[in-house]
Amino acid sequence: MEHQLSKQEVIEEMTRRLVEYYRPVRIYLFGSEARGEAGPDSDLDFLVVVPDDTPEPIMRSGEVYSRLSGLGMPKDVIPWRQSDFDGRAAHVVASLPATVVREGRLLYGTA
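Using the numbering used here, read the sequence shown as starting at -7 and increasing by one per residue.
Treat the hints with care, since some could be wrong.
Label-pair ranges, simulated between beta-carbon atoms [to be verified]:
1. Arg52 x Glu29: 36 to 46 Å
2. Gln(-4) x Ala90: 29 to 39 Å
3. Ala30 x Tyr57: 30 to 40 Å
4. Gln(-4) x Ser75: 33 to 43 Å
5. Glu29 x Leu98: 15 to 25 Å
6. Gly62 x Ala30: 32 to 42 Å
Below, a list of computed lysine to any residue pairs in the SDA-like style, where the Cα atoms sit at most 25 Å apart [as the list claims (entries may be wrong)]:
7. Lys(-1) x Asp45
8. Lys67 x Arg8
9. Lys(-1) x Asp76
10. Lys(-1) x Asp68
11. Lys(-1) x Pro43
12. Lys67 x Ser(-2)
13. Lys(-1) x Arg94
14. Lys(-1) x Val69
15. Lys(-1) x Gly101
16. Lys67 x Ala26
17. Lys67 x Ile50
18. Lys67 x Pro43
19. Lys67 x Glu4
20. Lys(-1) x Val17
21. Lys67 x Ser53
These are computed hints drawn from the structure, not numbers from a lab. Where is the CB? At the ideal position from N, CA and C, for every residue including glycine.
All chains should be modelled from the sequences, with the hints used to inform the complete structure.
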């Protein structure tokens, strides 16, 4: 019988794979799962803060989704360059970065 991963184990494994792929500065889980409001059909929303010199093909590649496959959870991944993310988080209250910092869960890196 195959072991079914818990949601927390899936989040940890996806985080590990995101770190391997992006070599990020930080990874946040945000959205309904981070707020504790996830339903049975909710996906996992990740915002990955990457170094400013991350190559454009990595930023735009759909390959990250194939690397996250096989874990039985729908997911969305948004890569964001560090200087732009930090600037918007600090200065644009209604921006996605500010919301993620305020309501999200830091999975990797330091704030």
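Hints, verified against the model:
1. Arg52 x Glu29: 36 to 46 Å: 30 Å, violated
2. Gln(-4) x Ala90: 29 to 39 Å: 36 Å, holds
3. Ala30 x Tyr57: 30 to 40 Å: 20 Å, violated
4. Gln(-4) x Ser75: 33 to 43 Å: 40 Å, holds
5. Glu29 x Leu98: 15 to 25 Å: 18 Å, holds
6. Gly62 x Ala30: 32 to 42 Å: Given about 20 Å between the Cβ atoms, the range is violated.
7. Lys(-1) x Asp45: 32 Å, violated
8. Lys67 x Arg8: Distance ~14 Å between lysine 67 and arginine 8 Cα, so the pair holds.
9. Lys(-1) x Asp76: 31 Å, violated
10. Lys(-1) x Asp68: 15 Å, holds
11. Lys(-1) x Pro43: Distance ~28 Å between lysine -1 and proline 43 Cα, so the pair is violated.
12. Lys67 x Ser(-2): 15 Å, holds
13. Lys(-1) x Arg94: Between lysine -1 and arginine 94 the Cα gap is close to 22 Å, so the pair holds against 25 Å.
14. Lys(-1) x Val69: Holds - the C-alpha atoms of valine 69 and lysine -1 are around 17 Å apart, at most 25 Å.
15. Lys(-1) x Gly101: Answer holds: lysine -1 to glycine 101 is near 21 Å, not above 25 Å.
16. Lys67 x Ala26: 13 Å, holds
17. Lys67 x Ile50: 18 Å, holds
18. Lys67 x Pro43: The hint holds at about 22 Å.
19. Lys67 x Glu4: Status holds; Cα separation ~13 Å.
20. Lys(-1) x Val17: The hint holds at about 24 Å.
21. Lys67 x Ser53: Measuring from Cα to Cα gives roughly 15 Å; hence the hint holds.
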